[in-house]
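Let the hints inform the model, and build the full structure from the sequences given.
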Amino acid sequence: DAGVTQSPTHLIKTRGQQVTLRCSPKSGHDTVSWYQQALGQGPQFIFQYYEEEERQRGNFPDRFSGHQFPNYSSELNVNALLLGDSALYLCASSFFWGSRPYLGYTFGSGTRLTVV
Amino acid sequence: KNQVEQSPQSLIILEGKNCTLQCNYTVSPFSNLRWYKQDTGRGPVSLTIMTFSENTKSNGRYTATLDADTKQSSLHITASQLSDSASYICVVYNYGQNFVFGPGTRLSVLP
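Taken in order, these protein sequences are the chains called S and E. In case it helps, this note's numbering puts the first sequence at residues 1 to 116. In case it helps, this note's numbering puts the second sequence at residues 1 to 111.
FYI, nobody ran anything at the bench for these hints, they're computed from the structure. Computed from a predicted model, the values in this text were never measured in an experiment. Glycine residues also receive a C-beta, built at the ideal position from the N, C-alpha and C atoms. Among these hints, one or two may not hold up.
Unchecked claim - Chain E is nowhere near these chain S residues, computed Cβ spacing over 10 Å in every case:
| no. | residue |
| --- | --- |
| 1 | R22 |
| 2 | E51 |
| 3 | P61 |
| 4 | L83 |
Stated by the list, open to error - Per label pair, the in silico range of CB-to-CB distance:
| no. | chain 1 | residue 1 | chain 2 | residue 2 | range |
| --- | --- | --- | --- | --- | --- |
| 5 | E | G60 | S | Q18 | 40 to 46 Å |
| 6 | S | N79 | E | E15 | 45 to 51 Å |
| 7 | S | S7 | E | I12 | 32 to 38 Å |
| 8 | E | E5 | S | S7 | 32 to 38 Å |
| 9 | E | T56 | S | S65 | 25 to 31 Å |
| 10 | S | S7 | E | R61 | 30 to 36 Å |
| 11 | S | A38 | E | S58 | 30 to 36 Å |
| 12 | E | A79 | S | T14 | 44 to 50 Å |
The structure is reproduced here in C-alpha cells:
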C-alpha cells in the first residue's frame with residue numbers, strides 16, 4: 001500500500017521563476033493538504049484540496065496556487081519565486097468524510113526547494 | 001490566537017538516557033493532540049494521537065501524556081537510541097479541521 005508520494009525530491013530554481021510540485025495521496029484518501037516548512041520551523045499550512053476545489057487556505061499570497069485532479073493527486077504551483085520561498089514543501093493526505101478524518105492524516109517525504 | 005509552544009527548543013542526551021519534551025497549547029476548540037517525529041529532510045511520522053478523554057498513550061519507548069485542563073502535553077522517551085535523533089513536533093487539531101503545529105524540539109542522542 002503506497003503512502004503519500006511527492007515529486008521531485010529536490011529542486012533548485014532561480015528567483016522569479018515558477019515551480020510545480022506534485023503529490024499523490026495515500027490509497028483511499030481523497031483530500032490533499034500542502035505545507036511549507038522553513039529550516040528549523042514547524043510546517044505552515046498553505047491550503048487544502050477536496051473534490052478538486054480549494055477548501056481552506058492559510059496565510060499565503062496568491063503566488064501560491066494549487067490544483068487537484070480527478071484521481072485525487074495534486075499540484076502546488078509557486079509563481080515569481082522569492083529567496084524566502086526556499087523550504088521543504090510537505091503534502092499530507094486524508095479521507096475527508098471519515099468520522100475522525102484526522103486519524104489517517106499522512107505526510108509525504110517532501111520536496112526540498114532551493115531558490116537562488 | 002491558536003498557538004502551540006514547545007520546550008526545550010533543542011536537547012542533547014546520551015544514548016540510553018530518558019528525556020521528556022513539553023508542549024503547551026491554546027488551540028480551541030480542542031479535538032486531539034498528536035506527536036510527530038521528523039527526521040531531517042523527511043516528512044513527519046505520527047507517534048501518538050490523544051483525544052480529550054485520553055491522558056496517556058504509549059508507542060513502544062514513547063509515552064505521551066495530556067492534561068486537557070492545563071492544556072499541556074509531554075512526550076517521554078525511554079532508553080534513548082541514536083535513531084531517536086530527530087525533531088519532535090506537537091500538533092493540535094481543532095474541529096475546524098485545522099492542524100496547528102508547534103515549532104518542534106530538536107533532539108540529539110549521542111553515543
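Hint by hint, here is what the structure shows:
Every CB of chain E is more than 10 Å from the CB of R22 of chain S (nearest about 15 Å), matching its label as outside the interface. Residue placement check: E51 of chain S keeps its beta carbon more than 10 Å from all beta carbons of chain E (closest about 14 Å). In this structure P61 of chain S is separated from chain E by more than 10 Å, as the shortest Cβ-Cβ distance comes to about 19 Å. The beta carbon of L83 of chain S sits about 19 Å from the closest Cβ of chain E, which is more than 10 Å, so the claim that it is off the interface holds.
Hint check: G60 of chain E to Q18 of chain S, Cβ distance near 44 Å, so the stated range 40 to 46 Å holds. A C-beta distance of roughly 47 Å is found between N79 of chain S and E15 of chain E, which places it inside the suggested range of 45 to 51 Å. For S7 of chain S paired with I12 of chain E, a C-beta distance near 35 Å keeps the hint of 32 to 38 Å intact. In this structure the supplied range 32 to 38 Å holds for E5 of chain E paired with S7 of chain S, their Cβ-Cβ distance being about 34 Å.
Taking the beta carbon of each, T56 of chain E and S65 of chain S are about 43 Å apart, not inside 25 to 31 Å as hinted. Taking the beta carbon of each, S7 of chain S and R61 of chain E are about 33 Å apart, inside 30 to 36 Å as hinted. Distance hint check: the CB atoms of A38 of chain S and S58 of chain E are about 32 Å apart, consistent with the given range 30 to 36 Å. For the pair A79 of chain E and T14 of chain S, the supplied restraint of 44 to 50 Å holds, since their beta-carbon distance comes to about 48 Å.
Checked against the numbered hints listed earlier, the structure breaks hint 9 alone; every other hint is satisfied.
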